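Chemist: Sequence:
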Amino acid sequence: MNDAVATTLVGILGITGSLLMLFSAIAMFRVRDALSRINVFSPATGLGMPLIVAAAYVYDLHSEGFSWGSLLMALIAVLC
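FYI, the numbering for the sequence shown is 0 to 79, going by numbering that gives the first Met the number 0.
Hints may be right or wrong, so weigh each one.
As the list claims (entries may be wrong) - Cβ pair distances, simulated, as ranges: (1) 10 x 76: 14 to 22 Å; (2) 7 x 63: 16 to 24 Å; (3) 1 x 38: 37 to 45 Å; (4) 32 x 69: 39 to 47 Å; (5) 37 x 7: 33 to 41 Å; (6) 30 x 64: 23 to 31 Å; (7) 36 x 0: 15 to 23 Å; (8) 69 x 25: 26 to 34 Å; (9) 32 x 61: 39 to 47 Å; (10) 33 x 4: 37 to 45 Å.
Source of the hints: derived by calculation from the structure; they are not laboratory data. This structure is a prediction, so every number in the text was calculated from the model and none was measured. In this text, a Cβ means the ideal position worked out from N, Cα and C, and glycines have one as well.
Using the sequences and the accompanying hints, generate a full structural model.
Modeler: Put into structure tokens, the structure is as follows:
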């Protein structure tokens, strides 16, 4: 994988996941009841965290090469 492609992909995935987490955290402070706070946090856990894990896996794949251990850790993190 090319350096520019890997860096761009890691940046896009990481920033998008981080922004989703940030927006969910801000929205949690804006809602009033506990049930709405739980529902507001679902985009962060459903999409933000897997994007950050994917960015970490792409970085690991680029820097160290393919390994079954890192792929397994990324899959378990996303599925959990």
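Chemist: Are the hints correct? Go through all of them and say.
Modeler: Structure-based check of each hint:
no. : hint                : verdict
1   : 10 x 76: 14 to 22 Å : holds (20 Å)
2   : 7 x 63: 16 to 24 Å  : holds (19 Å)
3   : 1 x 38: 37 to 45 Å  : holds (41 Å)
4   : 32 x 69: 39 to 47 Å : holds (40 Å)
5   : 37 x 7: 33 to 41 Å  : holds (35 Å)
6   : 30 x 64: 23 to 31 Å : violated (44 Å)
7   : 36 x 0: 15 to 23 Å  : violated (40 Å)
8   : 69 x 25: 26 to 34 Å : holds (32 Å)
9   : 32 x 61: 39 to 47 Å : holds (44 Å)
10  : 33 x 4: 37 to 45 Å  : holds (44 Å)
Taken one by one, the earlier hints fail for this structure at numbers 6, 7, listed in ascending order.
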